[in-house]
Amino acid sequence: MSERVVKMIDEEDIDERIAEIAGKINEEFEGESVFIVCVLRGAVFFATELAKRITVPVKIDFIQASSYGSSTVSSGDIKIVKDIEMSVKGENVIIVEDVIDTGYTLAKLKEIFSHRHTKCVKLCSLLDKPDRREMEVDMDYIGFSIPDKFVVGYGLDYDQKYRNLPYIGIVEFD
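Quick note on numbering: my numbering labels position 121 of the sequence shown as 121, and the sequence is numbered without any gaps.
Careful, some of the hints might be misleading.
Said to hold, decoys possible - Cross-link-like lysine to aspartate or glutamate pairs, in silico, DMTMM-like; alpha carbons within 20 angstroms at most:
| no. | residue 1 | residue 2 |
| --- | --- | --- |
| 1 | 110 | 136 |
| 2 | 129 | 30 |
| 3 | 149 | 172 |
| 4 | 52 | 27 |
| 5 | 149 | 10 |
| 6 | 110 | 61 |
| 7 | 108 | 138 |
| 8 | 110 | 157 |
| 9 | 119 | 140 |
| 10 | 59 | 136 |
| 11 | 110 | 138 |
| 12 | 24 | 13 |
| 13 | 108 | 136 |
| 14 | 119 | 15 |
| 15 | 52 | 15 |
| 16 | 7 | 138 |
| 17 | 59 | 27 |
| 18 | 119 | 61 |
| 19 | 129 | 174 |
| 20 | 110 | 28 |
| 21 | 161 | 174 |
| 22 | 129 | 157 |
| 23 | 52 | 77 |
| 24 | 79 | 111 |
| 25 | 129 | 10 |
| 26 | 89 | 61 |
| 27 | 129 | 172 |
| 28 | 89 | 111 |
| 29 | 7 | 157 |
| 30 | 89 | 101 |
| 31 | 149 | 101 |
| 32 | 79 | 101 |
| 33 | 161 | 172 |
| 34 | 119 | 16 |
| 35 | 149 | 174 |
| 36 | 52 | 13 |
None of these hints come from the bench; they were simulated from the model.
Model the full structure from these sequences, guided by the hints.
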């Protein structure tokens, strides 16, 4: 079986939307600082570009969570594979994810960070698949709402391929 990628959201639209999200963060946290927690691996491209556009002081660290194991369907049981290394005590935390689908991962991460004596915990995702939602999650910043399609690019992958595409594309299989 072969696959091809059909462009869904181009690089210019992504750049524009990231600048808009950063603008909201800059307004909301003017005179303060933010601590970005990037969810590995898919959110790296988005978190990097977002951080470059934030004008308040920024700290960044990385967390890796898994709910899939060897399956392609979320189990809902979230495991922290790699935790952040810095303290978030007293920080304005923004958890940055590539895509929110079922909602389990971001709900669990918000719960975890809310217990770490943060000043606040905000949720940010480049993509939102509302049709896949199984757990309601209050999102603070969303790039794009998309249909329930398998997407790659801008950090998202299919079998570790296509992360480096500068746009979001739908994977179609022949």
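- Query: Which of the stated hints cannot be reconciled with the structure, identified by number in ascending sequence?
  - Reply: Result: hints 2, 8, 10, 14, 16, 19, 23, 30, 34 break, sorted rising.
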